[in-house]
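Q: What follows is each chain in one-letter form.
Number of protein chains: 4
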Amino acid sequence: MTLTHPLDHGDGDDKLHEECGVFGIIGGPDASAATALGLHALQHRGQEAVGITSWDGSEFFTRRALGHVAENFSTAESLAELPGHMAAGHVRYSTTGGAGLRNVQPLYADLASGGFAVAHNGNISNAMQLRQELVQKGSIFQSTSDTEVIIHLVATSRYPTMLDKLVDALRMVEGAYALIVMTPRGMAACRDPMGIRPLVMGKLGDATVFASETVALDVVGAEFTRQVEPGEFIEVDFDGTIRSHRPFGDVQARPCIFEHVYFSRPDSVFNKRSVYDSRKNIGMELAREAPCEADLVVPVPDSGVPAAIGFAQESGIPFELGIIRSHYVGRTFIQPSDASRHAGVKRKHNANRAIVEGKRIVLIDDSIVRGTTSMKIVQIMRDAGAAEVHFRVASPPTGHGCYYGVDTPERSKLLAGRMDLEAMREFIKADSLAFVSIDGLYRAVGLPGRDKACPQYCDACFTGEYPTPLTDLADRKAKDAQLTFPVNEDA
Amino acid sequence: MTLTHPLDHGDGDDKLHEECGVFGIIGGPDASAATALGLHALQHRGQEAVGITSWDGSEFFTRRALGHVAENFSTAESLAELPGHMAAGHVRYSTTGGAGLRNVQPLYADLASGGFAVAHNGNISNAMQLRQELVQKGSIFQSTSDTEVIIHLVATSRYPTMLDKLVDALRMVEGAYALIVMTPRGMAACRDPMGIRPLVMGKLGDATVFASETVALDVVGAEFTRQVEPGEFIEVDFDGTIRSHRPFGDVQARPCIFEHVYFSRPDSVFNKRSVYDSRKNIGMELAREAPCEADLVVPVPDSGVPAAIGFAQESGIPFELGIIRSHYVGRTFIQPSDASRHAGVKRKHNANRAIVEGKRIVLIDDSIVRGTTSMKIVQIMRDAGAAEVHFRVASPPTGHGCYYGVDTPERSKLLAGRMDLEAMREFIKADSLAFVSIDGLYRAVGLPGRDKACPQYCDACFTGEYPTPLTDLADRKAKDAQLTFPVNEDA
Amino acid sequence: MTLTHPLDHGDGDDKLHEECGVFGIIGGPDASAATALGLHALQHRGQEAVGITSWDGSEFFTRRALGHVAENFSTAESLAELPGHMAAGHVRYSTTGGAGLRNVQPLYADLASGGFAVAHNGNISNAMQLRQELVQKGSIFQSTSDTEVIIHLVATSRYPTMLDKLVDALRMVEGAYALIVMTPRGMAACRDPMGIRPLVMGKLGDATVFASETVALDVVGAEFTRQVEPGEFIEVDFDGTIRSHRPFGDVQARPCIFEHVYFSRPDSVFNKRSVYDSRKNIGMELAREAPCEADLVVPVPDSGVPAAIGFAQESGIPFELGIIRSHYVGRTFIQPSDASRHAGVKRKHNANRAIVEGKRIVLIDDSIVRGTTSMKIVQIMRDAGAAEVHFRVASPPTGHGCYYGVDTPERSKLLAGRMDLEAMREFIKADSLAFVSIDGLYRAVGLPGRDKACPQYCDACFTGEYPTPLTDLADRKAKDAQLTFPVNEDA
Amino acid sequence: MTLTHPLDHGDGDDKLHEECGVFGIIGGPDASAATALGLHALQHRGQEAVGITSWDGSEFFTRRALGHVAENFSTAESLAELPGHMAAGHVRYSTTGGAGLRNVQPLYADLASGGFAVAHNGNISNAMQLRQELVQKGSIFQSTSDTEVIIHLVATSRYPTMLDKLVDALRMVEGAYALIVMTPRGMAACRDPMGIRPLVMGKLGDATVFASETVALDVVGAEFTRQVEPGEFIEVDFDGTIRSHRPFGDVQARPCIFEHVYFSRPDSVFNKRSVYDSRKNIGMELAREAPCEADLVVPVPDSGVPAAIGFAQESGIPFELGIIRSHYVGRTFIQPSDASRHAGVKRKHNANRAIVEGKRIVLIDDSIVRGTTSMKIVQIMRDAGAAEVHFRVASPPTGHGCYYGVDTPERSKLLAGRMDLEAMREFIKADSLAFVSIDGLYRAVGLPGRDKACPQYCDACFTGEYPTPLTDLADRKAKDAQLTFPVNEDA
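Chains as they are written, first to last, in numbering that gives the first Met the number 0: chain A, 0 to 490; chain B, 0 to 490; chain C, 0 to 490; chain D, 0 to 490.
Think of the hints as simulated: they come from the structure by calculation, not from any bench.
Where hints are given, some of them may not hold.
No distinction is drawn between identical chains; accordingly, a pair holds when it is met within one copy or between any pair of copies.
Stated by the list, open to error - With a Cα cut of at most 30 Å, we get these calculated BS3-like pairs of lysine-lysine:
id, residue 1, residue 2
1, 412, 478
2, 375, 202
3, 271, 358
4, 136, 164
5, 358, 375
Values in this document were obtained by computation on a predicted structure and should not be read as measured data.
Chain A on its own, in the form it takes in the complex (with noise of 0.2 Å):
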């Protein structure tokens, strides 16, 4: 069953999404290769750009795309401008800015010590004080992206070693990031002292291997070793010895655990968690915080399917695919002007009214962000002759934005954002609507709930509760307080 998210350009589908993923090997053979696959099985965090960076013992070499890792990596043309024993790749949400390749990672730069290049899921959130503050000393800054101050901040570190250079530079940073560098030396891989973004750790015959998510160590046919740590640092060198790391020291770990509601895929385990059983649990507990009266059960397609099977099996009300999802999205498509109403969501998910017709309707979806699309869904349903139709949703409210590494539209775009539950069911007019608690959410993932004095995950987005200092957000907030304009109070 397809449980990922496909690209959908032009006509949104009202999601937050993941802004990278990233994959990394050293020690094989046909390393641009196993990366190429990798960034393949990560496609669904990024899909607008593809980069991958490969070093051969003696140069780098790279290749950036616009487009899908398929598109741009599976010849043979393409990889063999990719040489070599180790490689890293990206895969990039958007290409914010305009400036077309010139932020598509891995970004690189000739250092004094040699090649160095990074790849970097997460955003760090000082990154224009950071830059304010190298431009003034002579750094010259090729990209708008956050990540490229982490390079100048290692070139101009007066550490003697790269290891020492680079704990220098990301001490100065502060937001969230997982790591995959490359030097002439070898491959290291970090995660913020939080472990707010996600990083795993595998093996491939001889070769070390990371990636965002175990998928892609399944795809590559690598084995899964570990998760690589909040705040750890790992080295890996050519001749195969590993070392590990704590720059940081001890910190309270606070990853992400919107990667269990959306964006892993459910064939992947994260935070040594199954992600499957952690969205069919959270429909389970759905079905307790809010049972209903239905005939069936229908998923939101693809992304409500595991949360419907768990709500499903605990109500014993059967499942059924009442909405079906064309494989074909893309580009929206000009609209004939007699066309009925919502074809441009039909376009994509269509009732299946042989099924629907005259039934009460359990709609199930993972999250809901600007409400837009629920709306259309459940008018869909109407149209199709639901005699009911209630709405569940297999996450807590989502009222504030990420600023982490995640797409969200402002806070005022958010139905969360602007309106009470009342409001918000009256809006997607569904006959009922609830939403599965922040407790329920982490018992779904096996914890006895939230704990509120040190939140055992990052839940921004549910409960503006952020876990680091927001100071670019901060510095923006206080110049646009002295042109007097109203500030949106986020944080």
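Given chain A, put chains B, C and D in place with the hints provided.
A: Showing chains B, C and D alone in chain A's frame:
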């Protein structure tokens, strides 16, 4: 849930493939925009090429392209080249013969009576013979398409009216066809006497719409009126007048039963029945005919899902997503040499190990063609730790080729064409294997069973009983026989 | 010195243009490579599109492209698609009708007798009439090219042999043509009865070569044998046998005199005379017929150079490069609004101020068509400080359109079609203006003068005396007359 | 007459090549349109890549492309991306290093003081040394261009104003440069202390224009004001204020004499002299220094034409076009295996046999670099039946490489670097060979002769006397020496 079948360049998906989908509309504004949207909804019937022809009251306009509808016909610019109130289009599975765009339909010709455009789903089984006769008399062919034969028959017909010319031409033709024809006087739609290929009619405001499947009517916002009956020839004028003719007299209808099994989308209505219902029923028949002790029912995504739901409901065994399918299939990737076996399949289908490990699995797929994918999927389940793997197939064994517009491997490559049941089980390495019976299939589509004397559907791919003569095939065999090559005894 | 005429997209170069060049070779290896090189040497005869067809002993292969030969047929890959020992190709000035590649030659058809490919330089002046008759009988046309008429006439001819069929077809045809035809039995080349368009024959090792001009023979390294005579039909077999036929009987030859004036390259030999010599002779005639007191003879580059050398030698006035032409002409540029007048022309022709300033100039150009460029060039000379500007033209006034394969503006846009000599001088603002006389032109090509009763060349563009009927034009005028529109009285 | 030098992909044209042309304009509307047109007029100085940067009062915009100006900057769309009243651009001969567009100028950087764009013609001969020092301190380079060194020197300069920073940077730099710089405060233009590379200034309405050659002023319709003097640094503000600085004190100017011989267009004025006149004078000097009995003076097109006219006028031998050059040069073609020798050259230069046959020929070319083309052209003349072939060269023997922005083969590939006069004559197989003397060349450009103590031009390619140190070259030789490889003793 995604139940349409995506394009699988390069590594094949081991399915039978419909070769075409057609769509036409007359009498409304933005005819080409509606056609683009309708073809997009029929994209699962043909992914290699697409064409649209429109008529603006004085001229015909045509655009053809390789690739998907969304890539080629979603912009205002592309549609601006196709003005007018009448348009028809075609999606095509394969572009055999390397003839580039010349074989892409609609085909168009300037006849003495004016322009003539035709979109054809099906296959003319005496096309080679007719072509030779036409060339002998001086006709010059532009393409290798069997459809062009129809145009030349019309061009050289001595009858006075276009209707007469076209009926004259179709009387010489043998095989399967669903046709949409445009002339400066209006649109015509017809199905071959047995109605082997599907065609339905709908209403969008004042406009009349024809399409291969009802889902295309849904997506453009049209209302489903009725199917075009087998042997029916419908003319629609620009003033909206609709005339129905039955030029071929009374013939027993025999529509293609594989539309229920796999070709049509589950949200379509074919031959007056819900396709989704038919597939669930087949799963239920299977659970009764070939029950099995197991812990989980796992569909082979995406086509096995409805039958798996039926099987699970009938058997009481829980339905679980034990295999996750990637959205991002596409070209074959270069395999890194160290990667384990089956990476190619994993790229598309990955085991959900957390669910599968240690469990007895019933795998449900819609059909087995060559068996190669089935074998790999069984192996993937075992690699993920499944205790037992039972395989159930929601159609009878596919042992015979189709000559009516479906892309089938030759008999010697069909698993059921060269093996008995036990050999097939051995080949795919399942613990048990069962197919639904031919009568079970007929029951699932609402009949008491197959009428042996006078079958209600074309089921030649299962039974080898072809409802029409196969002239070109017989000619080829005769010629091969003279060369004393061994002959495949399909028919 | 560059004396060929470059492509001038966009801003026109105010010249008449040959519409085609053809090249064919039979009997040698690498036939398509030789054809590509030969067409490249004929590129000045057509820059918009190019096509090559080859025959490898069992199949015909064709590649067509928009643009130059060098862009499309210079790689090993492109030529590998065109195997075999026989090939023919075509360069084309314009791709009228927007039919994309369908009008690009060689045209090809599968006839009952086998494949048939044709490359045609010229224009059939009763093509519309013949086409209507053919369509009436059931022929379907693929292109809007007049050449396709010939193919359908061959396809429907009742004669038994290919030679007879083709002669049968050509007897129905009126106008100008130089044809190269390929069939599975060999190559044929022929010129219309008056030989209006050129065609020559050569030898390259064992191979026989045909081309529009001798320069193509030079460039491929072939030896010039002789011209194909007006009305001659030559067949060449694969064993090298050459047969000459004269199916049209005796007709007075009238080749196009403008080949001497401008169309052919100066290093070609046309109608048994050096083209460069003819052009120098015209310059000498001009110096005698229209002498002038001046300091410098300045050619309008590049086509005016040989006549300017002749004028300078005859008059004793020094030849100087007072105008410099850029190699990098091409698309029209957006003009910056502040730029002075005539920047568009300057981009192509810039005055050499240091030479021109204060001097009396004789400008020499090959012809005047619309007069717009001539006017600008006179102005450029004055802007650069020329004291006097005298204009001398190396052809008589061009007052009539060509219907034999040359792209001419309609009569009302030809400067000589709407003005007398003094008005033309006024229009281009020269101090004096003179054209060579029609008898002077005939003297320059080695004749005592024009034979009024029976002219030795086609000179209709100067005299309005067309050597053939112009059926389609007469039909169009008859139809226009019914509509009571005023009619252009060209013929 | 076409006297600019076209691009010769693939088969080389055996010439020295200017590596760049620059153009800038400040203070007028449509600045980028004027820049495109100006660069088009400088296209002969660089054909591989082109870039334009503009400033619209608040932002810089840049477009870079491979290929010609006309292909990339002639449409309204392309220029709409480059708004504003200030723009500068660059054409480039080669894109060494495979760095794609990253080396294409103008280069741009965001400095602490704001945006900074630079277009550079020339070569910095200590760039490697400076680059190493900068990287050591933490600078990150984006390109392999020597120009980027200037930007980093500016970025890291401690001086307060942009003028001071730039002068500070240029004082560290050694070699040849003509620079156009843009900042948010205006435009600056400067030439290295000896003025090796050219730069001129003009006026277009209220706007100030800078360009490599006067022909670019002509083509945009600007008036030539004066040259930027060697060592001069000119600042232009948005209010039109022009300030001239001489930051490098008094140095003897030594502009490149090869601009007169070949680089500049004949219609340009360089170092206060008409280039066309200089070339004709060289031809006259040659006729005096190395007279010869012959029937015809034949230029090697196109660059030999002015000298040939001078030679013909001085000697009284008639000037004739004995070689015809095709406009349609381009990629190398696949040679048909049977084609005679030299087809590659003939494709470009074809003998005008009718003129040449039986005659004694004086061939005139501007220079001999490797000698390979000269050899082939002599052979073409003999193949066409020339009785004698005498070769006269309008420059002294080119025996030394250039390190100031001109693409030269290494000394061992220069014909004059490895042979004496008689050996060269033997190599090209001419009946006689002569070069103009170095003093003859100086006389032709209006001087009494070469001042040995203090030469008035840079003529290092002829004399090996380099006017600046060549630090990077010395470093490379030192390193090579350690490896005990034999070293080329150019300097």
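Q: A separate judgement is required for each hint: does it hold in the structure or not?
A: Going down the list of hints, with the structure as the test:
Taking the closest pair of Cα atoms, residue 412 and residue 478 come within 30 Å of each other only inside a single copy of the chain (22 Å); across copies the shortest separation is 64 Å, beyond that limit. Taking the shortest Cα distances, residue 375 and residue 202 sit within 30 Å of each other only across copies (23 Å), while inside one copy they are farther apart (45 Å). In this assembly of identical chains, the alpha carbons of residue 271 and residue 358 lie at most 30 Å apart only when taken from different copies (21 Å versus 40 Å within one copy). Taking the shortest Cα distances, residue 136 and residue 164 sit within 30 Å of each other both inside one copy (18 Å) and across copies (14 Å).
Only within a single protomer do residue 358 and residue 375 lie at most 30 Å apart by alpha-carbon distance; the minimum there is 18 Å, versus 39 Å between protomers.
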